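**Student:** This is what each chain is made of:
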Amino acid sequence: SQTIHQWPATLVQPVGSPLSLECTVEGTSNPNLYWYRQAAGRGLQLLFYSVGIGQISSEVPQNLSASRPQDRQFILSSKKLLLSDSGFYLCAWTGNTEAFFGQGTRLTVV
Amino acid sequence: GQQLNQSPQSMFIQEGEDVSMNCTSSSIFNTWLWYKQDPGEGPVLLIALYKAGELTSNGRLTAQFGITRKDSFLNISASIPSDVGIYFCAGWGSSYGKLTFGQGTILTVHP
Chain U
1 SQTIHQWPAT LVQPVGSPLS LECTVEGTSN PNLYWYRQAA GRGLQLLFYS VGIGQISSEV
61 PQNLSASRPQ DRQFILSSKK LLLSDSGFYL CAWTGNTEAF FGQGTRLTVV
Chain B
1 GQQLNQSPQS MFIQEGEDVS MNCTSSSIFN TWLWYKQDPG EGPVLLIALY KAGELTSNGR
61 LTAQFGITRK DSFLNISASI PSDVGIYFCA GWGSSYGKLT FGQGTILTVH P
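Residue numbers (the numbering used here), protein chains in the order written: chain U, 1 to 110; chain B, 1 to 111.
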């Protein structure tokens, strides 16, 4: 069966520090991968999605970037975090017709 | 681009009451998905709909894919306290490249 791993679960980082969140999927190949951000337990804002290795679509101009170095690995990065980058970050993968989420990373920028 | 409007934004109900929420799209969707998110967790898939007119149940939950393919609803019958959370609709249109989400419905159930 397919599983999705996302880590770390929580992260507290100072302003100006770099960020790297990792997401990996097991049990499937060539998934579509997504990074979402959720503020204040509300809506899901799509940040990036990828339909294949090295193929990244950015939905919102911001301080973040994404990379897909391997088929089942999706990384969210920042060179210098801002206070406004705080939030709940979710990775998701989709096959043909359904989407599944990781457990999320709670990022607090201080 | 594709947009989903989900309503209501929030609901406060008594235990035992039925709940109904819906999503409408500005364009035709080929797949509708309904999720529930508990605090601090990732959303969990509740029901998936693949055909216009399809009506699918999962325990006390029932969801339907609208005939026009531009809307879907989710009903919860006889609500219980553990139904509390945020419910999201989501879907794909003509391309399966990007999954679009509604804004979410926050459900509060009073014992």
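FYI, nobody ran anything at the bench for these hints, they're computed from the structure.
A quick note: this is a predicted structure, and the numbers were derived from the prediction, not measured.
Accuracy of the hints is not assured; some may be wrong.
Claimed, not checked - As a list, the in silico DSS-like pairs of lysine-lysine whose alpha-carbon atoms are at most 30 Å apart:
{"#": "1", "chain 1": "B", "residue 1": "Lys70", "chain 2": "B", "residue 2": "Lys51"}
{"#": "2", "chain 1": "B", "residue 1": "Lys98", "chain 2": "B", "residue 2": "Lys70"}
{"#": "3", "chain 1": "U", "residue 1": "Lys80", "chain 2": "B", "residue 2": "Lys98"}
{"#": "4", "chain 1": "U", "residue 1": "Lys79", "chain 2": "B", "residue 2": "Lys98"}
{"#": "5", "chain 1": "B", "residue 1": "Lys51", "chain 2": "B", "residue 2": "Lys98"}
What the hints assert, rightly or not - To be clear about the criterion: a stretch of chain U counts as covered by chain B if any three or more of its residues have a C-beta under 8 Å from a C-beta of chain B, and this derived list gives those stretches:
{"#": "6", "stretch": "42-55"}
{"#": "7", "stretch": "89-103"}
Note that the Cβ used here is the ideal one computed from N, Cα and C, for glycine as well.
**Student:** Going straight from one Cα to the other, do Lys79(U) and Lys98(B) come out at no more than 30 Å?
**Tutor:** 26 Å, holds
**Student:** Are there three or more residues in the stretch 89-103 of chain U whose C-beta lies within less than 8 Å of some C-beta in chain B?
**Tutor:** holds (count 11)
**Student:** For a C-alpha distance cap of 30 Å, please report whether Lys98(B) and Lys70(B) respect it.
**Tutor:** This hinted pair holds, its Cα atoms lying about 17 Å apart.
**Student:** Does Lys98(B) lie within 30 Å of Lys80(U) when you go C-alpha to C-alpha?
**Tutor:** Judged against 30 Å, a Cα distance of about 28 Å means the pair holds.
**Student:** Holds or violated: Lys51(B) and Lys98(B), Cα atoms, limit 30 Å.
**Tutor:** Between Lys51(B) and Lys98(B) the Cα gap is close to 19 Å, so the pair holds against 30 Å.
**Student:** Regarding the pair Lys70(B) and Lys51(B), is the alpha-carbon distance no greater than 30 Å?
**Tutor:** 12 Å, holds
**Student:** Taking beta carbons only, do three or more residues of the stretch 42-55 of chain U come closer than 8 Å to chain B?
**Tutor:** Holds, because 6 residues of the stretch 42-55 of chain U bring their Cβ atoms closer than 8 Å to Cβ atoms of chain B.
Checked against the numbered hints above, the structure breaks none of them.
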